[in-house]
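Chemist: Produce the entire structure from the sequences given, and follow the hints as far as they go.
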Amino acid sequence: MAHSQGDHGGRDCLAGAIDCDIHPAVPSTRVLLPYLDDYWREHILRRGLERENLETSSYPANAPINCRPDWRLPSGPPGSSLAALQSHLLDRLRPSFAICNVIHGAQVMLSEDLSAALCRAINNWIRAEWLDQDPRLRASIVVPPHSAELAAEEIERCAPDRRFVQVLLLAMTELPLGRRQNWPIYRAAEAHGLPIGIHAGSSFRHPPSALGWPSYYLEDYVSQSQGFAAALNSLVSEGVFVKFPALKVVLIESGVTWLPASLWRLDKTWRGVRSEVPWLEQLPTETVRKHVRLTLQPFDAPPTEKQLQTLLEQLGSDRMLLFSSDYPHWHFDGDDALPAGLPADLVRKICVDNPLETYPRLKETMR
Amino acid sequence: MNRHVVAKVEDIQPGTRKIVTVKGREIGIFRVGDDFYGLINRCPHQGAPLCRGEIVSRLVAPSPGDYRLTRPGEMIRCPWHCWEFDIRTGQSLCDPNSVQARAFDVAVEPGRALVEGPFVAESVPVTVEETYVVVTL
Amino acid sequence: MNVTVLDRKPDRGAQSHLGFIDCDVHPYVKGPNDFDPFLSKRWLEHKQTIGGRTRQGLAKTSMYPRMSPGVGMRMDSWPKTGGHPGSDLPMMQEQLLDLFDVAYGLLAPLVGGAGGERNVEFGAAMATAVNEWQLAHWCDPDPRLLGAIQVNVEHTEAAIAEIEKRAGDRRFAQVNIPPRGLEPLGRRRYWPILEACAANGFPVSLHLGGTGGHASTGGGWPSFYHEEHPSYVQTMQTLVTSLVCEGVFERIPNLKIVLVEGGFAWLPALCWRLDKHWKRLRAEVPHLKRSPSEYVHDHIWVTTQPIEEPERPQDMLSILEWIGPDRVMFSTDYPHWDQDDPRYAFKIPLPDDWKRKIYRDNARALYNLD
Numbered sequence: 016m017a018h019s020q021g022d023h024g025g026r027d028c029l030a031g032a033i034d035c036d037i038h039p040a041v042p043s044t045r046v047l048l049p050y051l052d053d054y055w056r057e058h059i060l061r062r063g064l065e066r067e068n069l070e071t072s073s074y075p076a077n078a079p080i081n082c083r084p085d086w087r088l089p090s091g092p093p094g095s096s097l098a099a100l101q102s103h104l105l106d107r108l109r110p111s112f113a114i115c116n117v118i119h120g121a122q123v124m125l126s127e128d129l130s131a132a133l134c135r136a137i138n139n140w141i142r143a144e145w146l147d148q149d150p151r152l153r154a155s156i157v158v159p160p161h162s163a164e165l166a167a168e169e170i171e172r173c174a175p176d177r178r179f180v181q182v183l184l185l186a187m188t189e190l191p192l193g194r195r196q197n198w199p200i201y202r203a204a205e206a207h208g209l210p211i212g213i214h215a216g217s218s219f220r221h222p223p224s225a226l227g228w229p230s231y232y233l234e235d236y237v238s239q240s241q242g243f244a245a246a247l248n249s250l251v252s253e254g255v256f257v258k259f260p261a262l263k264v265v266l267i268e269s270g271v272t273w274l275p276a277s278l279w280r281l282d283k284t285w286r287g288v289r290s291e292v293p294w295l296e297q298l299p300t301e302t303v304r305k306h307v308r309l310t311l312q313p314f315d316a317p318p319t320e321k322q323l324q325t326l327l328e329q330l331g332s333d334r335m336l337l338f339s340s341d342y343p344h345w346h347f348d349g350d351d352a353l354p355a356g357l358p359a360d361l362v363r364k365i366c367v368d369n370p371l372e373t374y375p376r377l378k379e380t381m382r
Numbered sequence: 425m426n427r428h429v430v431a432k433v434e435d436i437q438p439g440t441r442k443i444v445t446v447k448g449r450e451i452g453i454f455r456v457g458d459d460f461y462g463l464i465n466r467c468p469h470q471g472a473p474l475c476r477g478e479i480v481s482r483l484v485a486p487s488p489g490d491y492r493l494t495r496p497g498e499m500i501r502c503p504w505h506c507w508e509f510d511i512r513t514g515q516s517l518c519d520p521n522s523v524q525a526r527a528f529d530v531a532v533e534p535g536r537a538l539v540e541g542p543f544v545a546e547s548v549p550v551t552v553e554e555t556y557v558v559v560t561l
Numbered sequence: 092m093n094v095t096v097l098d099r100k101p102d103r104g105a106q107s108h109l110g111f112i113d114c115d116v117h118p119y120v121k122g123p124n125d126f127d128p129f130l131s132k133r134w135l136e137h138k139q140t141i142g143g144r145t146r147q148g149l150a151k152t153s154m155y156p157r158m159s160p161g162v163g164m165r166m167d168s169w170p171k172t173g174g175h176p177g178s179d180l181p182m183m184q185e186q187l188l189d190l191f192d193v194a195y196g197l198l199a200p201l202v203g204g205a206g207g208e209r210n211v212e213f214g215a216a217m218a219t220a221v222n223e224w225q226l227a228h229w230c231d232p233d234p235r236l237l238g239a240i241q242v243n244v245e246h247t248e249a250a251i252a253e254i255e256k257r258a259g260d261r262r263f264a265q266v267n268i269p270p271r272g273l274e275p276l277g278r279r280r281y282w283p284i285l286e287a288c289a290a291n292g293f294p295v296s297l298h299l300g301g302t303g304g305h306a307s308t309g310g311g312w313p314s315f316y317h318e319e320h321p322s323y324v325q326t327m328q329t330l331v332t333s334l335v336c337e338g339v340f341e342r343i344p345n346l347k348i349v350l351v352e353g354g355f356a357w358l359p360a361l362c363w364r365l366d367k368h369w370k371r372l373r374a375e376v377p378h379l380k381r382s383p384s385e386y387v388h389d390h391i392w393v394t395t396q397p398i399e400e401p402e403r404p405q406d407m408l409s410i411l412e413w414i415g416p417d418r419v420m421f422s423t424d425y426p427h428w429d430q431d432d433p434r435y436a437f438k439i440p441l442p443d444d445w446k447r448k449i450y451r452d453n454a455r456a457l458y459n460l461d
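Residue numbers (our numbering), protein chains in the order written: chain A, 16 to 382; chain B, 425 to 561; chain C, 92 to 461.
You may find that some hints are simply not true.
[As the list claims (entries may be wrong)] Take a look, some chain C residues computed to stay more than 12 Å from chain B by CB distance:
hint	residue
1	ASN124
2	SER159
3	GLY163
4	MET166
5	LYS256
6	GLY311
7	GLU375
8	GLU412
9	ASP417
10	HIS427
11	ASP431
12	TYR435
13	LEU457
[Said to hold, decoys possible] Here are the simulated DSSO-like cross-link-like pairs (lysine-lysine), alpha carbons at most 30 Å apart as the crow flies:
hint	chain 1	residue 1	chain 2	residue 2
14	C	LYS138	C	LYS256
15	C	LYS380	A	LYS321
16	C	LYS438	B	LYS447
17	C	LYS171	B	LYS432
18	A	LYS364	A	LYS321
19	C	LYS132	A	LYS321
20	C	LYS446	A	LYS321
21	C	LYS370	A	LYS321
22	B	LYS447	C	LYS171
23	B	LYS442	C	LYS171
24	A	LYS305	C	LYS438
I should point out that these hints are in silico values taken from the structure, not numbers from a laboratory.
C-beta atoms are modelled at their ideal positions from N, C-alpha and C, and glycine is treated no differently.
Modeler: Okay, structure coming up:
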């Protein structure tokens with residue numbers, strides 16, 4: 016087994032990989048105007064909303080972690096240029112596909128209808144200005160997470176375009192993700208063979224934790240993994256995977272290494288509290304291994320290679336990890352998109368086999 | 425292996441249990457209807473007095489929210505961590521393939537058969553007129 | 092898990108459990124009036140009319156009903172004499188202190204509601220009452236039991252006064268603050284209280300609980316206790332994150348923090364995450380002079396219960412090694428349903444020196460015990 020960085024960390028082994036998380040950004044709200052219907056275009060113009068930058072507070076664009084220095088653009092928010100994406104990533108690392116996950120204020124608006132209108136515009140925009148322009152690109156359907164009904168409608172509207180390969184939600188919204196009110200989203204996603212991608216981020220309907228509001232962005236960022244753990248607990252406990260047995264969930268930008276200890280705790284609780292949630296007939300860990308995938312970057316790696324090996328064993332499945340660059344976020348330098356120390360056979364699975372298994376729509380257009 | 429007389433049948437009413445000591449081991453004798461079962465009084469998890477737990481049903485749900493009460497009175501729930509075990513087999517619900525409480529053979533025998541021996545009476549005087557619960561250990 | 096039929100005896104090193112220090116023992120009241128002798132007339136009247144007020148929908152019990160009565164008690168801990176589990180000292184002695192010849196039991200009173208009381212004057216009065224009650228009902232009758240000073244952190248002056256009043260009283264081992272408060276504990280407004288703890292030689296024990304009014308998760312209120320129970324871990328993680336990132340340990344170099352009832356297997360991965368992202372965002376927190384994991388190791392102790400039970404039992408050894416066996420202390424959480432038995436909690440034998448540290452020596456050193 017090859018373990019050194021040089022063997023697989025760089026460009027050569029990433030050629031043909033599937034990048035499961037990149038972030039094209041809406042350059043300004045104005046660009047969405049042609050993609051809104053007449054009603055919502057006038058609504059937005061009357062309120063002057065096209066002049067507002069609807070960047071989410073989960074991802075302040077100028078924070079160092081949110082854009083690699085050499086990936087910053089002369090103008091516009093990081094990730095807002097297709098040409099830059101091509102030269103920084105697509106032409107350089109030569110992935111076979113890259114999945115666009117747009118994080119935008121559309122997902123956090125309080126008006127369900129305005130949220131849905133903006134999401135529709137984003138999906139139209141990403142289709143016309145990114146997917147149509149580069150055959151390597153695929154996208155997640157952006158939906159209003161606080162309205163399951165409108166989210167399901169948007170899934171129905173976009174699903175016929177097979178270049179939409181996933182439905183995108185945020186880790187922390189109004190209701191824990193497993194709650195029954197959210198089930199129309201999962202029903203629609205399952206019906207169309209679309210995984211649910213849960214991306215780091217919050218609509219901040221609640222403070223990031225039960226402790227209240229922290230002071231620093233660093234704390235918010237670190238706490239994302241707790242948000243993921245809670246979201247996963249909710250999906251498992253509410254029986255989403257019992258109700259929708261074909262559903263897959265991808266945790267995007269979660270940090271990964273928190274998972275094994277979190278599952279030990281979940282299993283432990285389940286053994287004693289099972290009768291509260293009697294639809295769960297197997298250990299949460301088994302359910303998670305079957306239904307849940309995680310993108311690779313950022314990978315909160317332990318300090319030593321030995322610890323990394325132990326941690327990979329604790330995951331207990333070589334099918335769970337999916338390659339991601341998290342472009343343009345800054346988690347690695349140069350072409351070292353893979354964490355050091357991953358065994359070569361696992362790298363192949365992470366880069367190609369696992370994404371293809373997770374996103375069946377990708378196979379339809381494999382060259 | 426000996427047969428140990430641990431109780432008169434009428435000492436253990438349906439839905440109840442009696443904890444007895446056989447060869448230094450505490451064993452819970454459970455009566456489910458007219459059937460008797462024996463489990464070691466020790467949870468395989470952390471050693472709690474398992475047989476002193478609640479006698480409960482098996483709560484199941486084929487899908488979320490579709491709650492059903494099945495097998496009333498056939499499960500024992502550990503008094504500490506609430507792990508549930510099948511009284512009939514000792515099998516756990518939380519890990520049926522590898523977590524199990526030790527089960528013992530329990531039978532009902534008429535006193536007439538017992539007095540012919542051999543048996544060990546655990547402080548239960550045996551007479552021909554009565555019926556007894558017998559543990560083989 | 093590889094547990095099969097437990098017909099086993101405690102492992103050969105069992106004797107080393109005897110004389111252990113239990114870092115989480117819960118005393119309860121015998122009746123609703125136990126605190127009354129320690130309240131002034133003014134606050135007694137308040138208690139009897141308005142009563143305690145928290146930040147949740149139910150006045151007297153948890154929003155997450157447990158799976159066993161008494162808000163989740165060990166079923167065999169109900170005293171035959173009546174009353175609540177944990178309210179009867181002879182029974183606690185029989186089931187815990189004498190059974191294992193416990194050297195010291197660190198009390199964590201979850202009664203009185205002082206910490207989460209919205210009327211902070213009443214909260215301060217209840218804190219004092221619970222402290223007096225601990226001495227009268229527990230520490231004095233059984234000197235193995237060491238009290239935890241209750242405070243209401245929203246009343247800074249009263250909290251500091253209470254800590255100073257107890258300084259030097261060896262019957263109190265630490266100050267107890269509920270983690271789920273109005274704001275993350277690392278924030279500046281709480282520094283004077285944390286400084287008082289350190290200045291008076293008290294470690295700060297953060298025992299799971301509190302009603303700060305915020306949802307248990309960043310994504311809202313879970314439906315089930317099945318989710319609430321694991322969410323305690325996330326609370327502990329955010330707590331560590333807050334204390335480290337706010338620079339509390341730079342500001343108060345002799346502050347010692349004990350995390351109680353949050354488990355511990357999650358700590359290494361949290362440290363990796365903190366270190367990694369601190370490197371990228373360190374300009375935001377220039378007050379941090381060292382990596383987050385260094386602060387954690389120097390200032391934070393964890394107690395074991397509810398102990399994680401890894402799928403592969405040997406992973407427990409890795410976790411202990413990664414945290415450092417000098418920072419882990421055994422706790423039972425008697426008489427709660429999810430308490431751990433010192434004989435069987437670890438599903439794999441520990442090296443003898445780790446065992447001595449975890450069951451005894453770490454707590455002895457931290458709390459300065461004989």
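Chemist: Need the list of violated hint numbers for this structure, in ascending order.
Modeler: 2, 3, 4, 10, 11, 12 and 19
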